[in-house]
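Residue numbers (my numbering), protein chains in the order written: chain A, 58 to 454; chain B, 58 to 454; chain C, 991 to 1361; chain D, 991 to 1361.
Please note: incorrect hints may appear among the correct ones.
[Unchecked claim] Partial selection, computed: residues in chain B whose CB lies under 10 angstroms from chain A:
1) Pro323
2) His326
3) Gly327
4) Arg328
5) Glu440
6) Pro441
[As the list claims (entries may be wrong)] Listed next, the stretches of chain C that the computed footprint assigns to chain A, with coverage defined by at least 3 CB atoms under 8 angstroms from CB atoms of chain A:
7) 1113-1121
8) 1311-1325
[Claimed, not checked] Just a few of them, taken from the derived set where beta-carbon distance is under 8 angstroms, the chain C residues facing chain B:
9) Asn995
10) Val1232
11) Ile1289
12) Ser1292
13) Phe1352
Note that these hints are calculated values from the structure, not bench results. Since this is a predicted model, take the numbers as computed values, not measurements. Glycine residues also receive a C-beta, built at the ideal position from the N, C-alpha and C atoms.
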Amino acid sequence: MNTETDVADKLSEQVTTFLAEHDPVTTDRIEFLRARFDAGLAWVHFPVGRGGLGLPPGLQPEVDARFAEAGAPDNHPRINVIGLGMAAPTLMAYGTEEQLDTFLRPLWTGEQIWCQLFSEPGAGSDLAAVATRAVRDGDHWVVDGQKVWTSSAQNAQLAILLARTDPDVPKHAGLTYFVCDMTDPGIEVRPLRQITGEAEFNEVFLTGVRIPDSQRLGAVGEGWKVANATLNNERLAIGGGPVPRESGMVGVVAAAWRANPGRRRPDLHGRLMELWVESEAARLTGQRLRQKLAVGQPGPEGAAMKLTFARLAQRLSGLELELLGEEGLRYDDWTLRRPLEVDFLGRGPGYRYLRAKGNSIEGGTSEILLNIVAERVLGLPPEPRVDRDVPFKELAK
Amino acid sequence: MNTETDVADKLSEQVTTFLAEHDPVTTDRIEFLRARFDAGLAWVHFPVGRGGLGLPPGLQPEVDARFAEAGAPDNHPRINVIGLGMAAPTLMAYGTEEQLDTFLRPLWTGEQIWCQLFSEPGAGSDLAAVATRAVRDGDHWVVDGQKVWTSSAQNAQLAILLARTDPDVPKHAGLTYFVCDMTDPGIEVRPLRQITGEAEFNEVFLTGVRIPDSQRLGAVGEGWKVANATLNNERLAIGGGPVPRESGMVGVVAAAWRANPGRRRPDLHGRLMELWVESEAARLTGQRLRQKLAVGQPGPEGAAMKLTFARLAQRLSGLELELLGEEGLRYDDWTLRRPLEVDFLGRGPGYRYLRAKGNSIEGGTSEILLNIVAERVLGLPPEPRVDRDVPFKELAK
Amino acid sequence: MTELNLLYTDVEDDLRRTVRDLLEDRLDPSAVIAMYDGDRTVVDPLWKAIAQDLGLAGLLIPEAEGGVGASAREAAIVCEELGRAVAPVPFLTSAVVATIAVAGSGQELVADLAAGATTAALAVPFTTAPEGPLPALVATNGALTGTVSSVAGVLEADVLLVPVEESDGLAIYAVPVAGTTVQAVASLDMSRQLADVTLDAAPGTRVRSDAANSVRAALRAGAAMLASEQVGVASWCLAGTVGYLRERRQFGRQVGGFQALKHRLADLYVGVESGTAVARYAAAALAADDSDSQVATAIAASYCGNLAVTAAEEALQLHGGIGMTWEHPVHLYLKRAKTDQLAFGHPGEQRRRLADLVDLPFGSTEAGESQ
Amino acid sequence: MTELNLLYTDVEDDLRRTVRDLLEDRLDPSAVIAMYDGDRTVVDPLWKAIAQDLGLAGLLIPEAEGGVGASAREAAIVCEELGRAVAPVPFLTSAVVATIAVAGSGQELVADLAAGATTAALAVPFTTAPEGPLPALVATNGALTGTVSSVAGVLEADVLLVPVEESDGLAIYAVPVAGTTVQAVASLDMSRQLADVTLDAAPGTRVRSDAANSVRAALRAGAAMLASEQVGVASWCLAGTVGYLRERRQFGRQVGGFQALKHRLADLYVGVESGTAVARYAAAALAADDSDSQVATAIAASYCGNLAVTAAEEALQLHGGIGMTWEHPVHLYLKRAKTDQLAFGHPGEQRRRLADLVDLPFGSTEAGESQ
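Just chain A, with the same shape it has in the complex (with noise of 0.2 angstroms):
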């Protein structure tokens, strides 16, 4: 316990020496970022040289939260998810010396945006199906296909991609993992709108795309394994510090009932108990999952939080809404708009109920999650697998 303690000391004295040497006020604010990376205070669990001081990852809220007490800049990490939830623990686990060197502190600072070109119209769930074919050209890949629910692809300057490089292999062997560069001429962005009326999404149509070879992440042929180190960072992240009761949905709810007793009914107030205990019941199991992880047990049960997240979710914007009644009925706005960040409480009730659908389907439907449960916590038998052995090109699609 000494030596644990130790650390977080000699680590809050890092931090205030830092702040004593870069006034967060007066100093620029990318000057500062950078900084503050070089300094291992941007990542701590990262290696010194790459944000980080090699220490555990438990350490990380306290310091943001003492920079953020001293009112320095952030790095906007709202906007740059992919970066920093996956692209940046993918090119840690993967990445050349070269490649660290050359993405990763733009990376954390902001100064480049990363999405994700992974999914495609046929390869949702099944993944490994992606069709999308990179073709060696000497020292560059040419890619040619179609991916599919890129957020911010409008925004970023790369993109981490996963491109079929061997059709002839069974699907999972023939994947490689690519940074590309979304700048490229090749490239087109087409908004792709939602059922909320908004376009949060884009499809990214890929043509003739060229990639340095020196922009590969891991070996030919090793794709998929690359691809599930990104997955699996995404489906961990479970955020910070600690949430308190009634945040997000349960509190806009519970705020509706506080507001509207003309419209209370028993059913009603059943339902909204029953969803406030599982709220409350979801938000210590996420304590409890932060306490594992800041003693170094972590596993796959951040799946198992990300079914309840979109669970309570949706059932609680469709109360909020048959509470609402005639108001519920009303929308905010159908005009179509390009956000950079899901908004749920700003914007209405409809909007919620509706942007909530996704939850249970992005970044992994909840069908999926529940096998990954099932098989990685609970030892249950996979799947049968009929495409396990068969050269990607000659699988029915």
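On the provided structure of chain A, position chains B, C and D as indicated by the hints.
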């Protein structure tokens, strides 16, 4: 429409004539039942000479009602459920003339009670995995094995039996269907106690049981097809006439609600009303299904009814305990008994709660029924099968 | 035996075929999607075809008054098909609710409604339960003043039927929509867009006095017919999802072959079958003026309101990403289903009413209505 | 940071191991099954081993009073393990509820309880909610008269703690069980068999005056610790079912490989994880005397009461026919879970209480408590 009405009128006259000729009060019970069988008024949809008149099955309930009104003895249908509901239609479909002559009349009159020797410890949902062996010995078969979940085994004179006659072919192909004499000395019946404390069912051990080949139903190796005819009849048994509102479990719980004003709470009322509505929906769905069957539109929808019945019985009986509170924690009697039928209404709420759990297991689990609905009604693909083409003896057990 | 027939008769099947053919021919889902961006051009010609060409506007009006003289059984078939197509026509609001509100009043309006020459809307919020509070406007010398919010069917209507509280009870006035201010509302379901209506000394004609029962009957019929619309919505969701999952392949298999999804679809099938039975029962009871009709309507409204939402939510989830897109029609059904759930009395309200009707009251009769 | 620790500490894990080892060694499920036929011989030696040999009877009693001086966190671990084994010992009723009712009273009884020399039971129906009505018997010159029905833990107890309404408030009397008439009740859960107790001028000793808060605290602790027992029940059901379905083969496959069952088990896992978190939170809050403790208990009781029932019902269904048999232990868990759901306040009651605690009242403050 006229023809239908004519047929019904003529049948009604036949009943009138029969009752005039056989005084239901003074005629000996068995004599009366035999005469009714011979007059074709046993099951009017069976052929003439086989207890029927070759008429639509929808006409039977009215005939039964007429006999009941006249105070005629019935054939105690509830203690010969397997005989009447399953053995009889299977005999009709696959029996030889000689078998029909021998078995049908005493079956219908209740002079012979039947039971069913299908399930085994290793062959539950996967009934085709039956391992009980029948080996040919001249014009007999010698049967060894163990059956389970046999109701009325202690009372039955005859059984329908599914046994493996060829372990060298895939499992569905090696089965044969027999009529087995339950008085054979090689039959041992042991009560199988259930979670209610009762032993409604039995285990049946067969040791060197000899069955004449003349009691084989269908061809050797055709047992799976014959057994399916039996099982389809089980699942189609929807019962005769109209069911009044608040029949069965929902009526019990509604009565408990009305009788216990002091125990009413909003959460319990909400669940009561939801289940009351669902019970009505199930009742009306059953009514609609009966109306379909009456005009000759049968289908696999019986499986759906059974699913709903089990779910409602379970949820209602659980609610009853919660509604009763302290009284719900008392059990009427744990003594081992061997009843011949389920007594949902005569026993206490704890019994109802426990016994209802069997509703989604016996006669096809709810999981199997959902498969049936998905595949046969909705046309969804069957489960991947790994055991279709493997000889039975080579399958992992 | 007086058991009501819950099957579809041959005549009803013919009617269904006619309506379905027309909708398949004349209504592309993309036209409904366009309504969310304000393009309502599909509505008028489609409604004219249904109301006038097929003559369905007069379905519930007796032949003597210029109508077809059919019953709620037939109207339910039309609602089912309109639900199945999320059709943006005011059949429910005009040919069912408004028509029943003035049926038998002997007014010329009835013949105009029957002919499809006039389309009307009852000026109550779409959420109004049959036994719920009604907006009651004030009439002074035939000039009506007041506001009613969230009214369905106004945007398609020529005439508003406005409940007015008079000294001798509730009356219904007919008010030309042209004499009112109609503010269209951005609605969750743009295929049945709501509007707020303001009357500022709008000229109206009293078409019925002592009209409380008529208004209640109209709303109950609305709730009963809405149940059939909800069955239509749910049926489309089930059939569309089954169809898609038979086509869609992932992991080298038809997605519809994965057992967890099969079981959910089988559950949904059981729900749709039950919904069909209760909606049919409500329609048949209404058609037969059966003494159980109010109970039947409350059962159907309670059951089908939730069924359609469940079906649409399952459809969306099981379609995966494609179901979240603007181009795929599944969202139209979700928005319709969620809106319908709140219309003419939420399932929770319907069950509360039902509890009184079937002697399962919440409150103890001895102890009073305490919690 | 004052966040309560929701993990199991090393010390707690050791305690769990000790209890589990003892139970695995000394309690065969067949002995619990035999209790349904009236054979209770397993109870006394097992309770002696737990209460005295392991010293767990005094877990919640301060060392100064002869106890272990541990907290609700450790008691919760014991309850979890007892639930996991459906163990028929009166830990919850004596070492938690009865002990807390008299804790700090300075009575000799406390030391006897701590030593496991005396086993006690609070004389209230097992269904009594922490804020529910209490039976209050009459004491005349130290002689108590009255009846209390459905009391848990009496059959194992030497001493009854009886709430008595006196002129200056509620008191607790200690009454030797030998001086009362105990009628054992055929119970749904025979592993915690209930009894009706009749006192007919039974001699008792007042052990606490002004005891209302103590009784309420005892019942609240009972509800909180019961939540951990329910987590134990649910955990066994999950683990047992997963284990069985990995073994059981049908259709040539492990039954646990069928996706519909996998998804249900994954859902159950999510539930058990959540139940663990809320039960841990309730225990930690109680141990820390946290201001959120009442809320924490109501959440845990509400959540875990239903969780254990769901887990046991799923376990039974997924075991198929074997789960319906008397010989297989799964029914022991179903009966325990369903009984526990009604103990110390049904989840619905707990949620109603919670609604008041967290300002989500049903009634409108303006409109009063109308339905």
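Legend entry - Structure-inconsistent hints, enumerated in ascending order: none
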